[in-house]
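These protein sequences, in sequence, are chains A and B.
Numbering-wise, the first sequence is residues 16 to 126 according to our numbering.
Numbering-wise, the second sequence is residues 12 to 121 according to our numbering.
I should point out that these hints are in silico values taken from the structure, not numbers from a laboratory.
Covered by chain B, according to a simulated footprint, are these stretches of chain A (three or more residues, beta-carbon under 8 Å):
1) 53-62
2) 109-122
From the derived model, a few chain B residues whose C-beta atoms are all more than 10 Å from chain A:
3) 63
4) 95
5) 118
Ideal placement from N, C-alpha and C gives every residue a C-beta, glycine not left out.
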Amino acid sequence: KAGVTQTPRYLIKTRGQQVTLSCSPISGHRSVSWYQQTPGQGLQFLFEYFSETQRNKGNFPGRFSGRQFSNSRSEMNVSTLELGDSALYLCASSPRASEQYFGPGTRLTVT
Amino acid sequence: ELKVEQNPLFLSMQEGKNYTIYCNYSTTSDRLYWYRQDPGKSLESLFVLLSNGAVKQEGRLMASLDTKARLSTLHITAAVHDLSATYFCAVVLSGYALNFGKGTSLLVTP
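So that you can see chain A by itself, here it is in the shape it has in the complex (with noise of 0.2 Å):
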């Protein structure tokens, strides 16, 4: 079976840009979350989806947003990047609660 999947692997922006990063669940599995990973603040969450609707959300500005489609797939989007935003993201599928699969991430560089 295919792992969790994630483009690009990494990614080098400019300050004020915006970005798109994208999630491909294991097949069959129907949620997927986000997280942040940064040297200072460890790991952190920032929302998951399931069947398409955003059932919860982390403490993140609004510039941060996600959705996802019919397929599973989700993609995250950072607007006006910010030099903190830096970091290593990474998506979890998901079959159920008690199982959580995370991708190899996108490491993004703001500059």
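Take the given structure of chain A and dock chain B to it, following the hints.
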């Protein structure tokens, strides 16, 4: 606010020694997770603990959960270099959302 505290945050241990990583959390949770992360890599699931008194073992790692004390432990037996990594515990924030501890960076030396 749900807080998850791990200690120690850094651990250097010799091969062959035993040690325990502690994970305390501030509110009740019906699931506790342990993950491993190698440098530059994603998170690898180690254990999911679902009930009070749950104990799971895989190789040299054993995890346990005490929901009354809001404490989970990850015990390392006879450490080997391949166990060097960062270990995270996580509890449920809401639904499927997880709240992670800061992580314990483990270095196993000869």
